[in-house]
Structure formats: structure tokens, C-alpha cells
Amino acid sequence: MAGDSHSSPSSILPILYEDNHLLAVVKQPGILSQADDTGEPDMVTLLKEDLKIRYDKPGNVYVGLVHRLDRPVGGAMLFAKTSKAASRLSESVRSRQFDKIYVAVVHGAPAASSGRLRHYLSKDAARNTVHVSNRPVNDAKEAILDYAVVAKHRDCSLVAVKLVTGRSHQIRAQMSAIGCPLFYDRKYGAPAPEGEQDIALWSASIGVSHPVTKEWMTFLSRPPHHGQWAKFSDADYTNALHIVPSEGYGR
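Each residue of the sequence shown is one higher than the last, beginning at 369 in my numbering.
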């Protein structure tokens, strides 16, 4: 398991683990995973700049994107430092040997305390949303996740989610589809809060076989101690890493 995080000189990229092949960091909400046409800050560019500074590299620096997090989502994120590592890690993602556990604070509580959700998601590019269907429709992609309610607090629940597929906006859309939108996620039906807030979704754990040593590596990130996250204890967040059903998934 990876050790405690430390911050790089760029101060906004807490490092969970680093060696010659891997770089696991904490993505802050609001930062893009990779560059788009807006020109706004993205993780790949920020990490390249950080590595050049820390290792005094005059030329190009390689940073391979292994997986993505939606822009409003924070938490653990893994990158490759060589093309060989990127290829092997990407294969782990494709073969579903890449464990991802998220925590989310949702309105209300699911009818069942745990279970598997299977939907079909259609992209609406104009609105940057996905539409959820219960059965296959044209161009829709199957979306599967396992979830478990970890704790409840008045009008909300802390839910742990393990992705089986990795679709854009998947957790946000599927939880909304069962009547439990994520806090602050107005795009998927949550009540509008006062002022701007990051949606209550966090990448809490990534597990993967090291691309060279083959050792199973786990990288953990706890959500911040404010907002809806503050309603739940450290014990709740620890429990979230072990409570999600894992039938048919992962190693």
C-alpha cells in the first residue's frame, strides 16, 4: 500500500506515490484530467511542469494518462511515467484489473443498502450530460457499478461505489436514476445550493498491479474535512474501502 502523501513544489499536486514508472497524486476538484480547447489547467500539463522543475529536466517529460476523473471530482488519480507503463496500465483498465472505489454523499438513501446498478448511458454532447436508460438503446453504452451505503446522516447518506465500467458521469447519472443525486450536482437533479460547491464525489482508492514489479499497489485519498464530507467520520471513510461488494470484479 502506498504511503502518506506529500506535496510537490507546485503545492497543488499532493503526491501519494512515485517511482520511475508510476505517479499517483490527488486531483483537486475543478482541474481537468487532460487538456481541452478551453486552455484551462489540466493534470497532465501540471504534472509535466512539476516533473521538469523537480528533476531539472531540460527536455520533454512523459506523463501518460491512465484514467480520467470528471472535472468536478477530486481524489486519487494514477499516471504513467513511461510509455511502457502507460501501455500496461491501460491494459489493466481494459481488462478490469484496475480497482476504483469512490465515495459520494447522496440525497436520501437507496432503497437497498447495497447492490449492483446496470444502466445504459447515452451522451448528450450539447448539454454535456448523459441520459440513463434501463434497457439498451441506440448508441448507449452499458454502465455497471456496485454500491453500498456506509452511513446515514439525517437527509443524506455516504455511499461507497466500485466501478465495473468506466463511463463519463456514470456514478452521478446512475445514482440520480435511483432517486439519490449527489449533493451539489445540479446537472443531475440535486437542489441548487447557495453559492458554488464541488459535487460530493471523491476518488478514494485505486488498486492496480504495478506494471513492472507486478506487486499489487493501493493508493488512498480521503475527502476534505468540510462541506457534506464533514458529516461523516474517519471510521466511515475507512469502512467505505472494504464494504463495497466485489462479485465479478477486479483481481
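If you are wondering where the hints come from, they were derived from the structure by calculation, not from laboratory data.
Everything numeric in this text was worked out from a predicted model, so none of it was measured.
Check each hint, because a few of them may be wrong.
Mimicking DSS-like on lysine-lysine, the simulated pairs with C-alpha atoms at most 27 Å apart in a straight line are [stated by the list, open to error]: (1) K416 x K452; (2) K555 x K520; (3) K520 x K416; (4) K425 x K452; (5) K555 x K599; (6) K491 x K520; (7) K520 x K425.
Hint-by-hint comparison with the structure:
For the proposed pair K416 and K452, the alpha carbon gap of about 17 Å is at most 27 Å, so the pair holds. As the CA atoms of K555 and K520 are separated by approximately 23 Å, the hinted pair is consistent with the 27 Å bound. Simply put, K520 and K416 have alpha-carbon atoms about 41 Å apart, too far for the 27 Å limit, and the pair is violated. In summary, the hint linking K425 to K452 is supported, as the alpha carbons are separated by about 20 Å, within the 27 Å threshold.
A distance of roughly 23 Å separates the Cα atoms of K555 and K599; the hinted pair therefore holds under the 27 Å criterion. Distance restraint check for K491 and K520: the Cα-Cα separation of roughly 32 Å exceeds the 27 Å cut-off, and the hinted pair is therefore not satisfied. Restraint check for K520 and K425: not satisfied, since their Cα atoms lie roughly 49 Å apart, outside the 27 Å limit.
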